[in-house]
Amino acid sequence: MSFPLLTVTAALPAVGAVATAAVPAARRTAAKWLALLVSLATLVLAAVVLIRFDPDGARYQLTESHAWISDFGVRYELGVDGIGAALMALTALLIPFVIGAGWHDADDADDRADEQANRRWRPTQGFFALILAVEAMVLVSFAATDVFLFYIFFEAMLIPMYFLIGGFGDRAHAAGEEEGAKQRSYAAVKFLLYNLAGGLVMLAAVIGLFVVSADSLGQGTFSLPELLKARASGDLTMATSTERWLFLGFFVAFAIKAPLWPLHTWLPNAMGESTAPVAVLITAVVDKVGTFAMLRFCLGLFPEASSWATPVVLGLALVSVLYGALLAVGQRDIKRLVAYASISHFGFIILGVFAMTSQGQGGATLYMVFHGISTAALMLVAGFLISRRGSRLIADYGGVQKVAPVLAGTFLIGGLATLSLPGLAPFVSEFLVLVGTFERYPVAGIIATVGIILAALYVLVLYQRTMTGPIRRPEIEKMPDLKVREVAVVAPLVALLLFLGVFPKPLTEIVNPAVEHTLSDVQKKDPKPQHPVAEHAGSDDKPAGHGGGDHE
Amino acid sequence: MTGMIDVASAGGAPGVHSLWTVAAGAGDKLQAPSIEYGKLSPTLIVLGAAALGVLIDAFAPRRARYGAQLFVALVGLAAAFAAVIGLAASGAGTTEAQIAGMGALAVDGPALFLQGTLLLVGIVGVFTFAERKLEPSAHGSRVDSFAAQPASVPGGEGETQAVKAGWTTTEVFPLLMFAVGGMLLFPAANDLLTLFIALEVFSLPLYLLCALARRRRLLSQEAAVKYFLLGAFSSAFLLFGTALLYGYAGTVSYSGIARVVSGTDAISDPVLAQTAGNDALLLIGGALVVMGLLFKVGAVPFHMWTPDVYQGAPTPVTGFMAAATKVAAFGALLRLLYVVLPGLRWDWRPVMWGVAILTMLAGAIVAITQTDIKRLLAYSSIAHAGFLLAGVIATSKDGISSVLFYLGAYSFVTLGAFAVVTLVRDAGGEATHLSKWAGLGRRSPLLAAVFAVFLLAFAGIPLTSGFAGKFAVFKAAAEGGAGVLVVIGVLASAIAAFFYLRVIVLMFFSEPQADGPSVAVPSVMTTSAIAIGVVVTVVLGVAPQYFLDLAGQAGVFVR
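Heads up: the sequence lines are chains W and D, in that order.
Letter by letter, the first sequence follows residues -17 to 534 of our numbering.
Letter by letter, the second sequence follows residues 215 to 773 of our numbering.
It should be emphasised that the hints constitute simulated quantities derived from the structure, not laboratory data.
This one's a predicted model, so the numbers in the text were calculated from it and none came from an experiment.
All C-beta atoms in this analysis are idealised placements derived from N, C-alpha and C, irrespective of residue type, glycine included.
The reader is advised that the hints may include incorrect statements.
Said to hold, decoys possible - Not everything, but these chain D residues come out facing chain W in the computed CB check (under 10 Å): (1) A666; (2) L670; (3) L677; (4) E693; (5) V704; (6) A708; (7) L715; (8) R716; (9) S724; (10) G766.
Claimed, not checked - Quick list of the computed label-pair ranges, beta carbon to beta carbon: (11) W:H86 with D:V735: 32 to 40 Å; (12) W:D89 with D:L443: 52 to 60 Å; (13) W:H48 with D:V735: 40 to 48 Å; (14) D:G305 with W:D36: 48 to 56 Å; (15) D:V738 with W:A377: 53 to 61 Å; (16) D:K611 with W:W290: 31 to 39 Å; (17) D:A446 with W:W290: 55 to 63 Å; (18) W:G372 with D:P350: 42 to 50 Å.
Said to hold, decoys possible - Output of the computed footprint for chain D on chain W, the stretches with three or more beta carbons under 8 Å from beta carbons of chain D: (19) 48 to 59; (20) 130 to 138.
Isolated chain W, as found in the complex:
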């Protein structure tokens, strides 16, 4: 019995959450440091996972398997492939920044009075404990190789997220405190209802999967490796219509989580009303579970149905890319702008996943990681900006770069990463997704490219309106630049964006074998090159290294 590394990695933040919540009301700072230390320790463990992972080894590594609920055919099974390991690392990486950026977000303004009234009300402890709880659940989701285990944490993570969105908002709300609270709770409920409805649809499909596997194999099972094996050997067969229904059940849940147009409408509300670190948690960490699950479960379990649905999914992904980008251009609210930009980016990710080429899916996986980092950088700096001025409206700013150059500079880098400027990490992944899509679906590839142009538009216009120009408002003049804590949060993210932009190889090496496995699940091979562009990309064995190499 080897050391249960994955369990420990996921359990550490869970234990940390309980410990943080138990810190007495008066010791707020201690709770923060405790949460930060736990998240850093988790990062170390996630790094160990990444190092111990052998790209040339078995498909699922560091596996653990224990009986859990045998009546339901459920086992406690963990194991990572390259995609899971990379996303676990991303999650563990971002949480310390989220905690650092949210350092003061949960300090009650009138806490003195509150403390007198009720010593049990501990919002600060709760805030950090909830963040750690989300981290723990997300880590289990990325590591679970049992469909049911995945489902449980996929659903359960909604609850702490819900409290994070509804319970903690920006101090100053444009429409006043009362209206702010109302909108916040609306956003939280919308978030939960959308995701819960998706989850319940998935529950029906999960039960269906059990019944199907029980019919074919005699004993119902949820174990992904076993199901894949049975699929490959032909022991597990599904009627075409059954497979399609089950696929839809899973896909709808993931498409809501991801989010894919037209199921995306909860995201702008949730990201707009929550504090910037929580918004990062939503879009950079939690939503990744949706796209990850498409790769792992939809394609793996229902290859036939995936191919069947591909045209529609690609269409929706393209709509997401363009619609998200267009609406981002029209936003007046910084956070909602980032939210719509994210919808556009998730469109790219789903496009890459369903292009069913190795570049597409490899690019999509990289995209998940890089989008996490770039959005974190942009959104956290935006959060610092908003906390200084107390407004989310773009029109309330202007000329910030004169008084706060570091803030403006990091904001620009985050923005440029979002628009996939060559040299920054997201470029590599976006390029790969487009190449991968173009290989099989040239038209889709071309349409998606329009998304990049729109991205340049919304990012640059945002920068121009907030940072450049004359200082029109007196509040801006007194605006302080980034503090040490804030620089400490942003600088590593910027460094990572630059580093991975020119040297993504370590990551691609881990991800690529997993992508090959997924493609073999759906029995797709990369199409033979037919025209020069595809040939150029398709002939390269290590496309990602190539993409980055251009700018070295």
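Since chain W is already given, all that's left is putting chain D on it; use the hints.
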């Protein structure tokens, strides 16, 4: 030796009393019924304790009653539970399952599992009944949530004096014990008459208990009258159905009717020559009996009493009733459908489909509009009855065991939730209007968090017992070919999730009202009731396997 007794008791001296006695024929000796006292001990212990409780209330001095009643009730329930465990350990639930009491009662897996559940529910119920720290003490003596003197007119002279004297109604304990005793019989009943008697034995004490609220007595009495009237209707249905089934089969025993339905037994009774084997009688009779049970379950369209009674009854009674009645009635329904009417499966399944769908959807949708927490929980219980019916419809061993598991999980969530409701109070007693719950999370985060756990379990969020139960019944239903029902159940769950969440939003994200309620500090009784609820909810959610095994082993009826 036996001959001598026979002569002394039955035969007597021939000729002396020949006017009103007839010499027994040779083969017609009066047989003493053979009762398996050991097998029936759980029920006997509880009913014995109930009778003892009546004696205590009649003869013990007022001061000593509370302690004595509490002691007798708890010891009785615990002893009965121990007896259930003993029976189960001796294999009475599996290999040694048998019909006891001259064919009146079944001692088998489902019966023992449900009796065990009911006894635990009863123990927790006693805890909430015995709580005396919530109401402000009246004239120096601590009082519970029951009327000082239920017989007096609300607001009248008698009541004033009773309150002044600090009286309390210790009768509630024997009433509770009688109700538990009847409920223990209900799912074990193996003939229709026992079923009816058990129904009355547990219903009558419940009608009374509903009328005993200390506050808002008129509402409470109204609830009791409604419950009684509608309950009487349902009893009448049940009895009428029993008569028709007797006319059809010539017997009221479950297995006897089943044999006639399946055609293995012919009816030779000349009296029934006109009616025997008449399918109309079978269908109408079966439908009427099932209707009687669906009433107790609270399934649509027999659910009308639920919200009013839940709201009006004293909250500890509501909690006990909501949990225990459902367990007992679903047990009886399962036995009826699986033992008596499996031959009619193709007749009752479509009807039950309709009832299940209506129940799930109506419960979930109407609950959205509720503004009173107790009514909200009442409609939620209706929706849950629908989910349970989905498991009943599965007609498989998995169906039985999943329903058993769901009942166990659901009852403790319900008890816990209603126990929390008793704690949120303002000057007028319990503050059950939802608007008063705004901001409760800020005033007392712990209590609100506990209530949130119960609500999440009701909503079926993973890692709570509600999810494990829901998954079990939906899985059984899907395997039984009721995939459509599962999809509708999932939709209803999504709707239901909305109103559970609304309460959570209210508690955590709304500002507390200035004149909002306060949370009473309960005694160890209510605290342990809530704690048991939370522990069961979490344990059944995280590690349900042991209990699923238990329910799985218990999933076979004896006939």
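With a cut-off of 10 Å, does the beta carbon of L715 of chain D approach a beta carbon of chain W closely enough for the hint to hold?
At 6 Å from the nearest chain W Cβ, L715 of chain D passes the 10 Å test, so the hint holds.
Is it true that V738 of chain D and A377 of chain W lie within 53 to 61 Å of each other by Cβ?
60 Å, holds
So, as I understand it, the hint says L677 of chain D touches chain W; can you test that by seeing if any CB pair is closer than 10 Å?
It holds, given that the least Cβ distance between L677 of chain D and chain W is near 5 Å, below 10 Å.
Holds or violated: the hint that A708 of chain D contacts chain W, with Cβ atoms closer than 10 Å.
5 Å, holds
Minimum Cβ distance from S724 of chain D to chain W below 10 Å?
7 Å, holds
Does the closest beta carbon of chain W sit nearer than 10 Å to the beta carbon of R716 of chain D?
Cβ of R716 of chain D sits 8 Å from chain W, so the hint holds.
Given the hint of 42 to 50 Å, is the C-beta distance from G372 of chain W to P350 of chain D inside that range or not?
About 47 Å separates the Cβ atoms of G372 of chain W and P350 of chain D, which means 42 to 50 Å holds.
Verdict on chain D covering the stretch 48 to 59 of chain W, where coverage means 3 or more residues with a C-beta closer than 8 Å:
holds (count 6)
Proposed interface contact between G766 of chain D and chain W, which counts if any beta carbon pair is under 10 Å:
Holds - the Cβ of G766 of chain D comes within 10 Å of chain W, reaching about 6 Å at its closest.
Evaluate the given range 32 to 40 Å for the C-beta pair formed by H86 of chain W and V735 of chain D.
34 Å, holds
Range hint 48 to 56 Å: satisfied by the CB atoms of G305 of chain D and D36 of chain W?
Roughly 52 Å apart at Cβ, these two residues keep to the hinted range, so it holds.
Would the stated hint for L670 of chain D survive a check requiring a Cβ distance to chain W of less than 10 Å?
This interface hint holds because 7 Å falls under the 10 Å limit.
Violated hints: none; the structure is consistent with every hint.
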